[in-house]
Amino acid sequence: MTTTVTTEKTTGQPEERFDFKGMIEPVWCPGCGDFALLNAIRSALRQMPEVERQNTIVISGIGCSGRVAAYLGVYGFHGVHGRALPTALGVKEANPSLNVLVMGGDGDGFSIGGGHIPHAARRNPNMTYIVFDNEIYGLTKGQVSPTSPKGLAGKSTPEWPALEEPLNPLAMLIAYNVSFVARVYAGSPKTTTQIVKEAIAHPGFAVVQAMSPCTTFYNTYKLWAKQVRTLPEDYDPTDRMAAFARALDTETMWLGIFYREERPTYEEMIAQQAARLRGDEELSDDERLRRLIDSFV
Amino acid sequence: MATEMAEAATRVVDLVVGVAGDTGVTPGIMTTGEMLTLAVSRVGYDIYTFQTNPAEIKGGQAWYQLRLSDQQLLSQGNDVNVLIAFDEEGFEKNEKVLADGGVLIYDASAYEPHPSREFRLVGVPMTKIAREQVRFPLAKNMVGLGAAAALVDLDLQVIRRMIEQKYAAKSMEIVEKNFACVELGANYVRSELGLSPIVRLKPIPRPERLVLSGNEAISLGALAAGCRFFAGYPITPASTILEFMMRELPRFGGVALQMEDEIAALASCIGASVAGKKAMTATSGPGLSLMVELLGLAVMAEVPVVVADIQRAGPSTGMPTKTEQSDLNLALYGGHGDAPRVVVAPSSVGDAFYTAIRAFNLAEYTQGPCILLSDANLANRKATVDRPDSQGVKIVNRLLAPESDERLPKPFPRYQITMSGISPYAVPGMKGTYFVATGLEHDEYGAPNYTPEVHTAMSHKRFRKLESAYANRNGDEWVSLYGARGEADLGVISWGSNEGVIREAVAQANAEGYKVAFAHVHVLNPLPEKELKAFISRVRRVMVAEINFAGQFAHLLAGRFKIDPIPLTKVSGTPFTPQEVLDGIRDAAA
Ligand SMILES: Cc1ncc(C[n+]2csc(CCOP(=O)(O)OP(=O)(O)O)c2C)c(N)n1
Ligand code: SF4
Ligand SMILES: [Mg+2]
Chain B
32 MTTTVTTEKT TGQPEERFDF KGMIEPVWCP GCGDFALLNA IRSALRQMPE VERQNTIVIS
92 GIGCSGRVAA YLGVYGFHGV HGRALPTALG VKEANPSLNV LVMGGDGDGF SIGGGHIPHA
152 ARRNPNMTYI VFDNEIYGLT KGQVSPTSPK GLAGKSTPEW PALEEPLNPL AMLIAYNVSF
212 VARVYAGSPK TTTQIVKEAI AHPGFAVVQA MSPCTTFYNT YKLWAKQVRT LPEDYDPTDR
272 MAAFARALDT ETMWLGIFYR EERPTYEEMI AQQAARLRGD EELSDDERLR RLIDSFV
Chain F
96 MATEMAEAAT RVVDLVVGVA GDTGVTPGIM TTGEMLTLAV SRVGYDIYTF QTNPAEIKGG
156 QAWYQLRLSD QQLLSQGNDV NVLIAFDEEG FEKNEKVLAD GGVLIYDASA YEPHPSREFR
216 LVGVPMTKIA REQVRFPLAK NMVGLGAAAA LVDLDLQVIR RMIEQKYAAK SMEIVEKNFA
276 CVELGANYVR SELGLSPIVR LKPIPRPERL VLSGNEAISL GALAAGCRFF AGYPITPAST
336 ILEFMMRELP RFGGVALQME DEIAALASCI GASVAGKKAM TATSGPGLSL MVELLGLAVM
396 AEVPVVVADI QRAGPSTGMP TKTEQSDLNL ALYGGHGDAP RVVVAPSSVG DAFYTAIRAF
456 NLAEYTQGPC ILLSDANLAN RKATVDRPDS QGVKIVNRLL APESDERLPK PFPRYQITMS
516 GISPYAVPGM KGTYFVATGL EHDEYGAPNY TPEVHTAMSH KRFRKLESAY ANRNGDEWVS
576 LYGARGEADL GVISWGSNEG VIREAVAQAN AEGYKVAFAH VHVLNPLPEK ELKAFISRVR
636 RVMVAEINFA GQFAHLLAGR FKIDPIPLTK VSGTPFTPQE VLDGIRDAAA
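These protein sequence lines map, in sequence, to chains B and F. Counting from 32, one number per residue, gives the positions in the first sequence under the working numbering. Counting from 96, one number per residue, gives the positions in the second sequence under the working numbering.
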């Protein structure tokens, strides 16, 4: 996205075969890791017949990655910077039968929207959040992000390298007790598809840190290719301490499911409370309202 | 106006009672006021309350004011006729509002008052009676309540029923002890002091009415309008809406959430609305300030949502418990870009029910945000209102696209350009189609598009929706007219919770021979231009009354109608009294 986008063409035509392609062609720069992630997400959705197209909605933030909402051929909502999570929560609790996918960048999710993650974790809604992490601000042309390594000078801020330590999103997510925590890499599409499938299938709040090199402002393909390794076969993702240990090992970019735990979803808990408040009596809404009004006599 | 003068003429009882004291020393101050309010309402009288809670978390001077009458009440009144002061500070702080010759009921075991003017002193050893005769010192306020009841000849059995309602679930012993205090207080006044009642509140036979606060009326109206999603973040004076909704909405199959902040609260409401639910959040100024970016999103993505702003005195944290109408500019203009939104304001507790419904109707009709501007004055005070007619009101739902049976999903023209500006909505989950709601400028299909033609056409569309709402108001009264019907020397224009007090003052002014008309505006955007133009053209001078420093509404009207209105403003954290408005009218009309 090195040049400003002005117009994106609408085909307005139905697809020949439904394949989770939207009516808009991606506007990303050639080689951008987001393409590989998009394809892996499409493959995951195609391989999950239980995920009905018309019941799927993608809520995205603002950034290059945020454009993804329009590329999947399902319902979408491309909102404001940093608020995808609470927006998605509203969608999910308003209609729990929707399959809610949340996507956005590292700046969107870990900087401006970082305050929403612990609260989503506390609630555990059954939705999947994929953070496209390129360790840089892509859309605004290369400023450092909260995951940029210390000392990195953004292309647009060459005189001022980052003085800040980078966040460790995985350790943070595990500390927040997110019920499914994983990392994937755009350069490993097969594992990405597999893990995205598991994240979507996870009954609770699943967060996937999806490493996605920004070819234009911070090309990390070579660096990360040397760092990535898949978590060992015998790794136990239910062991939270082990998950911390892997997350804190920043020498290696471990890929896989770091942590998973099944606990009641927010929707289930809300439904239970509501049933308790409603009681057994079958009443129409009108009758309920009449009685409620009467209680103020 | 004719009815107001007739009412004033036939008013037999019109009494203002104030209850004052330190809630740290007498925890039941507010309960005393509330019970008296409910009891008076039960015997058929109109009530109108005003209260200020202490700013302290625990303790501090509290004030509860109750005006009661056999006729409809429009304001909290001016001077207090009966003051119940539990401690000396409570008396001294409020002595100035007690009318000459008024009644002071005080706890004679706590202090002896030294009044600077002539009052009727009714000293009742409340603490002593509660402690020694009932062995329940906590209920000394109930002794005061009994004393007040005796002075207005209120049937004690009605108070007993209120006590039962409040405490029977806890224990009958508490009921008996509280009531014993009430009886002893009443007896002390009658027998020990040998006083006879100053008025007799004989029961008035009439259909039962409700006693509601503004926040309760807004909440009930929202439920009646079909609100099924609510999200909020605690803030005075809006929190009681959050609490109400968390208790009641689930019973109606809805969801109410306490979010991590106001940004998240509005974001989740917008999300819920995208999913097809009618959604609302409630906050006060500081929260609305945080929400403005998302208001713009609701405008751009065309998402219906109701934002209730229960205004308090600002700026910044300001005076959280005090009232003000200073968020008008924020509501009308807050946020970047050309972002048209509907703004409505309830004018009374009873009207708040219907205004909440109007807010949902307009949000759903225009498919955008509607801000409901209430205030701290309306939020907490109680008033008697007729049972709201939830069957008779019109409920508007957003325009929906017909179900499609296309096998392969076809992009949906979500932002279709239409005459009215309003485009059909496809609820996610609907087969055969899909769309992406977006905050980016977009073409009719929601695809990002930054061309001059599209931005122009879409800006027109967004503004046109509000014009259509005004054109299609179908008898919904956006401006209420009172006072002089034809030409007038002065035309008062106001908005929000001032309606009643101004009606009262205008009626009084006209009775004194002034020629004053009054237009109260219920929808502040889109402004009801025709009605206001007609009003302005028949009055010689315009006065705009509002509770803020800068005269925000006055500036708006000055610009829109090329007039030079006289501002009548107030920034003391309290609502207008009828006297203040009357003085303003006299000055302006002189
Ligand atoms: C409130 C607000 N502040 C700033 C921006 C500008 N902005 C747009 S995207 C972005 C950051 C993009 O970085 P990231 O979230 O990592 O996404 P990427 O482009 O790298 O995919 C910023 C700062 C905005 N749109 N809104
Ligand atoms: S993330 Fe980087 S490479 Fe990808 S589209 Fe944005 S600027 Fe281009
Ligand atoms: Mg980024």
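For the record, the hints were derived by calculation from the structure and aren't laboratory data. Cβ atoms here follow ideal geometry from the backbone N, Cα and C, with glycine treated the same way. Warning: the hint list may mix true and false statements.
Claimed, not checked - Short derived list, chain B residues pointing at chain F, Cβ under 7 angstroms:
1) Val111
2) Asn126
3) Pro127
Here is what the structure says about each hint:
no. : hint   : result
1   : Val111 : holds (5 angstroms)
2   : Asn126 : holds (4 angstroms)
3   : Pro127 : violated (9 angstroms)
The structure does not agree with numbered hint 3 stated previously, though it agrees with all others.
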